[in-house]
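Take a look at the letters that make up each chain.
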Amino acid sequence: MNVIETNGLSKAFGSKMAVDQFDMHVGQGDIYGFVGRNGAGKSTVMRMLAGLAAPTDGEVREFGMQPREASASRRIGALIESPGLYGSMSATDNLMMKALALGLADPKDKVRDLLDLTGLGSVGSKATKNFSMGMKQRLGLALALLGSPDLLLLDEPLNGLDPEGAREIRRLIMRLNDERGITVVVSSHVLEQLGKMATRYGVIREGRMVREMSAAEVDQECSDFLQLEAANPTLALAVLQERFAGLRFQSMPDGAIRVFGGADAGAVGAALNEQGIAVRGLYAHRRDLEEFFVEMMGAEYRG
Amino acid sequence: MANILRMDLYRLVHGKSLWIFLAVITVLAVISAATMAYITDPAFVQSMQAASASGAPTGVHIGFSNGSGPSADDLAETNALVAQLVQGMTPEALVGNVFLGGGGLSCLFVVFLAIFLAAEFESGFSKNVFTVQPSRLAFLGARIVEILVLAALFTVMIVAATLATAAVTGLELASSPLPDFALWGVLVAVVAAGFGMLTALAVWATRKMAAGIGIGILLASGLVTLGIQELGMLIPSISFLADYTLSSCMGSLSLGLGGPLGAGHIALVGAAFIAVAGALCALVLKRKDV
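As given, the protein sequences belong to chains A and B, one line each in that order. First residue of the first sequence: 1, per my numbering; consecutive thereafter. First residue of the second sequence: 1001, per my numbering; consecutive thereafter.
So that you can see chain A by itself, here it is in the shape it has in the complex (with noise of 0.2 Å):
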């Protein structure tokens, strides 16, 4: 069953379209990592998916309800941007504030719990001004899970943070969706981080998903390929299939073909030379996450 599904989601600020019918599905029990560029569109898809901004159009169902009807709302818990926190108060104040809104019984018992749960138990009553930026996510994080909520929304969650503290949350995160079966979206650019949690992955660009994939089929396409430009591309990759059927293969935009599954270079140019099909270059490649990501992200993705 999908806790988030959207449908066409769109959002226009003026005549720009921040969000063009947006199509996004996550699963139960989900880390989902949402990956995109600076301005792609990530944080707008994140504010509705909050119900903190209204969709120009599409629609948004989080466990089958709009996003601002009050039983889907008290459901989710959101990081958006940045940990909204009064400075002058403690941050055991700030999450008071939170817990009376939210209308819970024992909400001194559930602070104390949060503040502990997210290491913060020894500073509660400091001004959380004089906090540092980890902290602060930190306590953000917090306030997000005040409610219990069964879907977390983070955006950006590692921003700012040194790798020590990226790592402190990231355990964290993975152990609320072990233990607790919080299902997860989180958008950064810590990409080291997110490979490390994420379960599903969805990639925004100029405001449309490029693509949603598993952490497997990631991996799988992460893995080492040979890279070959041939004169004539189409012929070649139909030879290659036939050759090779144990092997996966991919047509990039400029013409080249990736071979996936341990390809043995001698062989693969041995097999175009019979064909007749010169070979321009013929070389192995790895590429790591953030390649995988980037490339995905900056260019049209044609796989």
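Hints in this document: simulated from the structure, not taken from any laboratory. Even glycine gets a Cβ: it sits at the ideal position worked out from N, Cα and C. Fair warning: there could be bad hints in the mix.
[As the list claims (entries may be wrong)] Only pairs whose alpha carbons sit at most 25 Å apart, straight line, appear in this in silico SDA-like list of lysine to any residue: (1) B/K1208 - A/G58; (2) A/K136 - B/V1290; (3) B/K1016 - B/V1145.
[To be verified] Among chain A residues calculated to face chain B with C-beta under 8 Å, some are: (4) A78; (5) M96; (6) G165.
Starting from the structure of chain A, add chain B where the hints point.
Just chain B now, with coordinates in the frame of chain A:
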């Protein structure tokens, strides 16, 4: 809605701004009432009258002061005012002189409210509020209740602090029937709440504290009413509009219930401003994303 009220009550009690503003109100009330008590003291009045009778210069004098003291005209005017104050100042007139006529209460209230309402958006905490309470109308309902309650609180504070200081300093006031006094207090709170709603509209439309404070003070200080009065002099057919502003109502209340505008008129104008500003706030909150 009740949960939003609980949240804001917690913020008011645990935050600093409400206490700072209540302290400022108290200090201003004490200073003003004490000054009033001093200048209406018989010994002070006699000394002024003696100074007036001891050959102070008469006639119009234009020039530089040499520090020799006030003119006979000034002294005569002061004596007349003091005599008026001593004879018939009601509690409403005392509070009105100190806080209402010049827009003191209104300005303090709108500045406090602009800070309180805008801090939510400027800090980003509003994101937490609107994910919890997606209904903009419930949010608005809670805030209207708060504005009314806070306007009443500010009114009670200025009245209590002013009258307490008057009592301590021995300032004698003419008695006023309790129902009249209560009605006057309610009207002051309603008009202050009207200013509060206009300030809330400015804050929610702009999401900026500075805009809320600026627009609030512009309205609460009576500058807009002054502009309408000036315009009324040029176009006499619209001069009546000045009576339908909150500043005119507050100005009338500064004289007690016996001011130029009737209690019913003031109540209707105050309620109309609250209702219209509330409707516009609902529109703004529904249309604007967080």
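Results for each hint:
1. A hinted pair counts as satisfied when its Cα atoms are at most 25 Å apart, and B/K1208 with A/G58 does not qualify at roughly 31 Å.
2. Distance check on the hinted pair: A/K136 and B/V1290 sit about 20 Å apart at the alpha-carbon level, within 25 Å; holds.
3. Between B/K1016 and B/V1145, the direct Cα distance comes to roughly 21 Å. Compliance with the 25 Å bound is thereby established for this hinted pair.
4. About 5 Å separates the beta-carbon of A/A78 from the nearest beta-carbon of chain B, less than 8 Å, and the hint is met.
5. Evaluation of the A/M96 hint against chain B yields a held restraint, the C-beta minimum of about 6 Å falling below 8 Å.
6. A least Cβ separation of about 20 Å between A/G165 and chain B goes past the 8 Å threshold, and the interface hint is therefore violated.
Of the numbered hints listed earlier, those contradicted by the structure are 1, 6.
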